[in-house]
Amino acid sequence: MKLALLASIAVGVTTGLLAWRERPEPGAVPLVFLMAGQCWWSATLIFRIEATTLGMKVLFSNSTWLGVALIPAAWLLFALEYGGYNEYTTRRHVLLIMIVPAITAFLGFTDQFHHLIYLDATLIHQDGILTLSRTPGPWFWVIAVYTYLLGFLGLVPLFKLITSQVRSFRGQSLTLLVGLIAPWATNLAHLSGYLPTAGIDPTPVAFTLSGVAYLSALTQFKLFGASPTPIRHARRSLYEQMHQGALVLDTHGTIVDMNDRAATVLGTTTERALGESLETVSPELTAIGDTTQHKRVFTPKGTRRTYDVSESPVTDVHDRTIGRIITLHDISDLFRMQQRLEVLHRVFRHNIRTNIQVILGYAGYLATHNSQSKAETLKRNALEIEATGEKVREIIDVFEEGRKERENLRLHAVLRECVDAMERRYPEVTVEYDSGPENLLVDGLFDIVCSNVIENAAQHNTSSEPWVRVTVEASEETVEVRVADNGPGIEPHELALVEDGTETPLKHGSGFGLALVVWGADIAGGSVAFESDAAGTCVTLEIPVAGRVNP
Amino acid sequence: MAIKPQTNTNDSSVLLRAVPPRLYRLGTLLKNFLLFSSAYLAIIAAAEVLIVTELLSLPLTPAALVAGLLTFAVYGNDRVADLETDERTTPARTAFVQRYHRLLYALSAAAYGLAVALAVLGGPAAFGLALVPGVAWLCYAQDWLPSIGQVKRLKQVFVLNSVLVAGAWALVIVFLPMAFAEGPIPPAAGVIFLFFFLSSFIRVEIPNVRDRVGDREIGVKTLPVVLGVRGTRYALYGVSGLAGALLVTAFVEGLLALPELAWLLVSVVYLAVIVAGLGRTDNNGGLTVAAECSRLPVLALVVVPLL
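Line by line, the protein sequences give chains A and B. Residues 758 to 1308 (this note's numbering) make up the first sequence, in order. Residues 12 to 318 (this note's numbering) make up the second sequence, in order.
If you're looking for bench data, these hints aren't it; they were derived computationally from the structure. A hint or two may mislead.
Here are some chain B residues the structure puts well away from chain A; computed CB gaps all over 12 Å [unchecked claim]:
no. : residue
1   : P102
2   : R104
3   : L253
Here are the computed distance ranges between Cβ atoms for each label pair [to be verified]:
no. : chain 1 : residue 1 : chain 2 : residue 2 : range
4   : B       : L41       : A       : R993      : 47 to 57 Å
5   : A       : R780      : B       : A103      : 27 to 37 Å
6   : A       : A859      : B       : G38       : 49 to 59 Å
7   : B       : L142      : A       : I856      : 21 to 31 Å
8   : B       : T39       : A       : A859      : 46 to 56 Å
9   : A       : Y951      : B       : V300      : 50 to 60 Å
10  : A       : Q977      : B       : G38       : 27 to 37 Å
11  : B       : F169      : A       : E1234     : 55 to 65 Å
12  : B       : L41       : A       : L760      : 28 to 38 Å
13  : A       : R992      : B       : G38       : 48 to 58 Å
14  : A       : L760      : B       : V300      : 37 to 47 Å
15  : A       : V902      : B       : L142      : 27 to 37 Å
Using N, Cα and C, we set each Cβ at its ideal position, and we do this for glycine too.
Okay, chain B solo, but in the shape it has when bound (with noise of 0.2 Å):
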């Protein structure tokens, strides 16, 4: 039974008796929206290209808008296109989604055309980075091209899915600040490339753990799907391992400051205790937004003293 607001003496519903009610609504529905919407995933964004802009010593340019308009943009489409596989997994997020679909593609729809207006400032690279997001999720979720026939959705192609999605994002967030800056690339680019690259691909596998089931009902094969939770914990501790070796390589060639070592093995080590909760929790939803978040402690030591 459902348990009302009035009558409900704990000391949390005492303290929100406090808070006029159309100001919690509209809290509530802040909170949602940032939430199920996935526009959180956009400030992360933004603040992963603030964090390669300081990591590379770019000037601060409109990449980082950039950036989260394009993943507000595709989260929020990919919300709307999966609507019924996400019932299962997610019914919260999928009952807001459903509920304000139009919108949210509309919105999604705008923020996109906002980025490549953006992005075109930034030069003909830019621009072409602004579009990657956006073919990279065509070729992800699309049945694109239903007249070749044997052409299938590359969601359900075993690894292909994690490292196509990794991929345009590391693109986009290492390359744009670059693109925008219309400097030379810095020799330590293609370090934090691959070490974007692979940490992204540990946040890409970890929400599959919770949507495997539903995954395997429609035929996407993800790591948890063929190697199980546990497996999938081994693998993910190995491509943890492998960011951090890459991390030291390039410490030891002289490619990354040891400042820049230090935070960044801080958000290797964020991931590799995420990893090990695999399996181990029930909170797979809360491990899902937390490896979301690895990025903020490295913001906090990167940019936070630059303030």
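Chain A extracted, bound-state conformation (with noise of 0.2 Å):
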């Protein structure tokens, strides 16, 4: 038995050192904290079986608990780190799982004053050895629960390795089970009274075999060279991380669980959202889950943003639904870019279309009549067609800055350049400006936008006495560009155009000018608010402040 032990003292040692060299990998402190314990065991075994006095076979026996204690919590910690189960490994959790084997230690040394582990001890010859038999005390029984509870504890996340894909895993939790089962059978059966080793609990002989057992862990299957510990946190970041909000319902329709992002697109929070039906939560979100159409698109309540909803089925090891994962991927740009190129298409297609049949009508009537006036309808027709062709290719032109890094550009110099051209083009128009802060900067996009506001202002006043009043109002983050004019005002479905997200369909398409002030301003972060009846007409720009230089 001697030679077991000490075989299990140098296993263990050699065990420990070559894990401690591993640190911080998960599971290396505490693989150390349990050779040690083992180690710890197993020398005290030997003292004891050495030890001639009953007074020093005490001493010994008593001292043993301080390394049979630190066992079971060593090795719950251990398997915890291993398998990933890092939350229950936190500086609160070990201090909680470490006052028994505190207590334990304590008693041990203290056990001849209160007999909590032993109530008694005496010398008797066994089978020709002098050993120390010792009767149970209510706090061994307490220790060996607690010693097999957290032995049971820490062989869950050893089991679900164990059908780990990765043949490296499996190897690692089959020998750490066989490292646990040896010392625990011995002594189940030493408890049991079925060896005879005259008295002396043979569990640390065991140790040889489990030490053995760590040590190929270690060298044969990598224990801490593969480690199975990110799995679970990494599935959980996936699940937290993805672009993409989620939702994981029940049979039943209830939030079983959601990440973050889906909780921000419903405008709730995972505390508010969990246990709660999907239909309390999100009304609409349900209403296209109930739909059979193909292309399933949500739009949360007050905002623009745009969402493409998926469902896939949830189901368990016999193939049987238990639940469903709704995803939730933003569209928002891609959905928006597509109406865009629809209204693109609808208001040049019409455009055109009337345009040229116009000409080829007049055309038609020019070859047998000489009409000045009808020979003005068709080059006005025709240079409207060539105006709708330039704006669309400003229109493109914006779309392709927005997916470019721009320039910051000082927004007094931009709108200083467009009242100045204003002024030059439009002469008749009386222009006032009032610049505001000249310090501050704007996304380069604004350029446009602002010229083609200003332009538009002055370009349909019809009045007698035609003027443009341009105002710049700043706050810390955003500046109000403020452009109002005396002109007849914009007409309602102009509007409806570029206000109400631009799916409407077009009656008459003239409002080229104004998609690209809403789309334009949209693109670089800004808003664009009308005000328009037939005295006249103000537009406001929401332009985000994106620096300040100095005067």
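Dock chain one against chain two, each of which comes alone in its own frame, and use the hints as you go.
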């Protein structure tokens, strides 16, 4: 037995040192303590066997508890860290797990004063050996139950890995199981009285086998070289950090899990939504889920974001559907771009077709009649086609700019240039310009946006005394540019074209300039508001301040 | 340019050509292993235990083997741990350790495991003593209390670093054979311990002359870093003198017999001669090995006559 105990110490210390080198790999430090506990138990057992007096035997028997109590705690912490259950290995949890071992070690060293671990201690001759005979006290059974309980808990992460697809994890977990079961079975056999060991608990002898098992796990199966620890966390992280919103529903439509992104999309929090039915949290999304449409698009109330909704069933091992996963993929940009292209297509086709029909009709007329007015109309329509083409080119430019890194421009310089250009082109229009702060920087795309707003105000102003007023008002993060005029106002259907998400079927499309303003501002992160009636129009551009320059 | 063995015509190469290549490679590997893994230090440590066993008239026990294994384990581990910092001062050793670092660490761990298991045979005191070098090494080389923040590696603390190393080894070398013998502590034990402590201190500081540039860079304060080479030489003369005075006092007090005094004084003089070479020769590596072998004359004087 002594030889086996010595072997267990040699293997235990070696394994402990090899594990120590692997810090801070998860499980390395608890494995060191596990080995330390085993070695301490083996060493004190040798000292106890070698001791010749009752006092010395009792002393070593009592001090054994330091190692005995350390083993289950270290085992559980090792298994939890190794299996990736790090949320249970925080300092608080470690302290909690260590309470019983600490009490046990203290009671072990002070047993002669209270006899909570052993009720008595006598020397007896058994099988020709002088051994210590002790009757277990109440705390002996407490720590025994605690040891077995923690041993079982530690098995949970290992059992999960036995069926792992990774071969080395299977090997690791199997060898670790051998490492646990060998001393466990020995201890059970001893407690049941099946082992003729003259009353000596031979559990440490089995530590030789468990030490070899841990050593094999370390060297043969790269215990800390290929670690399953991240698996659980990776799955959770993948779920939490994915760009898509994801909800898990049970068969009753109750939200049983969701990531933060999904909570943001639905305008709620995970704390509030979990356990609630989807219908309560988002009736709109439920309605989409019930439709049989091929394309399922969800736009949360009060937002301009658009999500593609997809649903997949969750099945168990028997292929039974036990729930479903709903994912919300943000397609706002694509969706908006698609809408814009549709509008462009419609408007462009409509305008060109109208102009061409006029041109064709009047060209036929001019072939037989000489009419100055018809020729003028024909020419005007041809110019309108050219203007439409020019505007479309500008819009395409804006879309292209939207995909690029843009430089910031001084808002004052942009507005000054627009106002000057307008004064040159429309000298009959009276212009008022209140520049506001001159040090503001804005996205370069607002150059096109502002010039279109200001030009539109002058171009369509049919008042007898036309005027345009440009004012600027800045706050900390945004700046408002107001362009007011006394023109005839904008036709409601043209405003609808740009204000209602552009999906309204177009009746007449002269609103390319407006579309360019709205889309350009949107792409650059700003917004546009129109107030229009027969007395005039006020366009308000809200522009984010990109920076400030020193005057 | 490297000289090819077959084209070299000097005497040694002619001699080497007579050795079968495989044997030659094996011999070189063994020599490198002994030197670079510090296995020779393990042999010296075992020799020191034998010296103590003889000086204190103790029975022969496995203590020498345990001390040897502990020394091999701790130095082997230290070589692996200090790979980066040793690269400049001991490039050949670093290259060897780098190549075999896994094997060396595994052998060190196994050696420590075996040492602790054997120490258990010597009883609780021997078991405790076997843990001393490991704990001392942890305090010396590792940032093992990072959460406290203020605690530095003791390797960086001036004088304390060498005191810790010398103290730990002196404790093991002197008291391990006594623990195995399980008898009363002889009166001379204290003197022998102090002697081993002082001479170990000198032996620890001598290699620091070679390592002073690297030590300065990583913030390790040793005698050569703080006092310079000349200052170190004088300081170590002082420690040698102290060791000599201790031995003479012990002799006067009757704790040491004349032959023992003579044997140990030989060791002190040997060390003092090596100290005298500090700063006067470029072969600091040679001085280091010579200092580490300073017990061998005593071993020859004490143990060989017994055989």
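Sort out which numbered hints this structure fails and list those numbers smallest first.
No hint contradicted; all consistent.
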